[in-house]
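As given, the protein sequences belong to chains A and B, one line each in that order. If you count the first sequence from 1, position 119 lands on 328 in my numbering, and the numbers rise without skipping. If you count the second sequence from 1, position 265 lands on 474 in my numbering, and the numbers rise without skipping.
Incorrect hints may have been included.
The list cannot tell twin chains apart, which means a pair is met if one copy fits it or any two copies do.
What the hints assert, rightly or not - When the alpha-carbon atoms are kept at most 20 Å apart in a straight line, the in silico SDA-like pairs for lysine to any residue are as follows:
1) Lys412 <-> Gln443
2) Lys419 <-> Gln443
3) Lys358 <-> Tyr335
4) Lys419 <-> Glu397
5) Lys333 <-> Arg255
6) Lys412 <-> Glu448
7) Lys227 <-> Glu513
Quick caveat, the hints were computed from the structure, so don't treat them as lab data.
2 protein chains.
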Amino acid sequence: MILQIPHKEIIERQSVFKSRLSSNGIEGCILFSTTDIFYLTNFMFRPSERPIAFFIDPQNETHLFVPSLEHSHAITYATIDHVHSYPEYPGEIHPMIVLRNILKTYKLNNTTVGLDAQGYSSPKGYNGAAITDLLEFKKSIDIKGWVEKQRYIKSENEIELIKESARWGNLAHQLLVEHSKAGSREMEIEGHATMEATQAMFKTLGEGYKPYGNPAHAFYRGQIGPHSAFPHSQNQNAELKKGFNVVSQAACDVWGYKSELERTMFIEEADSRQEQYFRYMYEAQEVAFRTIKPGVEASKIEIEVQAYFKDNGLEELSRHHTGHNMGLLNHEAPFFDLGDHTVLEPGMVFSVEPGLYIDGLGAFRHSDTIVVTESGMEMITYYPRDFESLII
Amino acid sequence: MILQIPHKEIIERQSVFKSRLSSNGIEGCILFSTTDIFYLTNFMFRPSERPIAFFIDPQNETHLFVPSLEHSHAITYATIDHVHSYPEYPGEIHPMIVLRNILKTYKLNNTTVGLDAQGYSSPKGYNGAAITDLLEFKKSIDIKGWVEKQRYIKSENEIELIKESARWGNLAHQLLVEHSKAGSREMEIEGHATMEATQAMFKTLGEGYKPYGNPAHAFYRGQIGPHSAFPHSQNQNAELKKGFNVVSQAACDVWGYKSELERTMFIEEADSRQEQYFRYMYEAQEVAFRTIKPGVEASKIEIEVQAYFKDNGLEELSRHHTGHNMGLLNHEAPFFDLGDHTVLEPGMVFSVEPGLYIDGLGAFRHSDTIVVTESGMEMITYYPRDFESLII
């Protein structure tokens, strides 16, 4: 059982990234993306008004730049050569000025430097100058998306963490189903399922388990009855009624890694119209599963699903693409989308979730998490998908 | 009882914002900030890879630009004149191209336009060109932070929602305390407190209550015993032990509005050293309360707190500023910080949370939510703050 990314793998990630920089003639870099910083350092922090940065100096040593309140936290948890800190934001001296001075000390200004952004950004009250306005570099190169691309392909350990996530998402989903009775309300069902799954999870895994996010949880997010026709609905604390179709969602963070499990279900009974839409949706998901394999473009999956919808006169009922990559974020590129021509490779982890939306009736969407393999794909989520099992 | 911002107030917000644009010679605007868009439209959505934008055309009409999957959702919930949508991201035609064409239709390119950013941004796999690279405007003016500044001063309704948030945060906190026994673990305590408070909340408030975030919840976030010395610690599922000091956090979203309640507490007993640090922290908070009033600079509160710490030889134990504004986000500007010279005005809502951190012993920090009034300040949170009440 693996519950975290080992130190060794973090070092490997740093090496891969450093090699890529080096082979592009880049001698140092500065990153502000909080997800990428966690990926490269194993240091999980709470993004706020206080800027944080990661940099690699021309001697290839790694640095974290954090607020004072994270200094000892970073030293204790991060896989990093050096930790620097500034007193506070905005502070008497702006943190970007402090960062500029540190970068000069390590001579990043004399180098060709890769930057993933002009500076830190956050909606939480942060304001600051671009680092390129504060410090003149020999040359700066935009490397936005480089670490993100490195994150596309999951390692064996990452896939294990995603599978662990799916296991506990499955439990939360099972408990959600058990608490879902006609007359009960969204929040009560979710509260019980989430608490019971979370506790079972912690008791099973013990102290080695760190969520770095939310432990096992399951919810409806307002997708109850006709309101489920809004794919990105908000919690309504709605009451389940006999004959409603509902769409669930279960997930779980394990060391920050996520999976996604969603099911279209029916409270006690479904009429023939509901069953028909369910079967179309189910078959659309099958079409996607059959199409996923290494070497094909991500867009191909969407093309096949849309062709299936069109053949059945359903194209007007589709409101979003078939799936997205995931890992440290719940949505990541690439996408099963007409405009995404990324070629699939083994180790990519996607949701598969073609949906049909009928005003007045609601949503028909399952979401499963899969990993691309050498020969096709492997299912990571395993909750029953068939119509009969989902009349609850 | 008010549980949402009324339509009329959203229209007033739009008017205030339009007047500010107009008095600066700006004839139209485009906003990408998701929080600001909610503030100006009452439309809550889940930010993802799919860009969203708000714009005002030269005829002063308001527009939302959303993905297809949000189209009917936006029409149903948003206070807006027009809703436009694009099929999907990345899509066969990039959404920014679709947006550019719509902006041209409404003649924003012939005007002086205010922009809060060059384009949409999201870590969730989004990539796109700057709108200014796609469309030539007569003139573009950076209005980043304008809506944020409008959000500094809360209306009576906003303050009522924050007080409603504090009420249910208080219940969650009380339940957290009741479940916190030596030998019990973080997640179990939090699970019970959160579920019970959430259910009481929904049963009390009924269907009018929409969290637009998380309902009542309370947690320790790893701030248990010596680990509490990391102010922004992560959940450890740690066991409470007799004599530990712990730091709690309780909160609740009401229509997206937040409050903050934190308490330093002791499991069964505290020694004289813990009591001493507690009393210093308590007095530092009192120093802040006495200093807060309209007309003083935000920095003044931090100056007074730091002076108090220095007088008592504690300055090395402080790791962050005394507080932050809050509202739709848990941290917003302005800050009680040496570098923040914003003048306080009635209606500003702040956390007050000077902290002391002792390696090996832990954290000493309360956080209370206050609102600046005409004559000084009013407490919004009301959980007991005194030493005797917090030995649990």
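Going through the hints against the structure:
In this assembly of identical chains, the alpha carbons of Lys412 and Gln443 lie at most 20 Å apart only when taken from different copies (18 Å versus 31 Å within one copy). In this assembly of identical chains, Lys419 and Gln443 lie within 20 Å of each other by CA distance solely across copies; the values are 8 Å between and 28 Å within a copy. For a Cα distance limit of 20 Å, the shortest separation of Lys358 from Tyr335 across copies, 12 Å, qualifies, whereas the shortest one inside one copy, 27 Å, does not. Taking the shortest Cα distances, Lys419 and Glu397 sit within 20 Å of each other only across copies (14 Å), while inside one copy they are farther apart (26 Å).
Taking the closest pair of Cα atoms, Lys333 and Arg255 come within 20 Å of each other both inside a single copy (12 Å) and across two copies (17 Å). When the C-alpha separation of Lys412 and Glu448 is checked against a cutoff of 20 Å, the pair qualifies only between copies, where the shortest distance is 12 Å, while the shortest distance within a copy is 31 Å. Neither within a single protomer nor between protomers do Lys227 and Glu513 lie at most 20 Å apart by alpha-carbon distance, with minima of 38 Å and 46 Å respectively.
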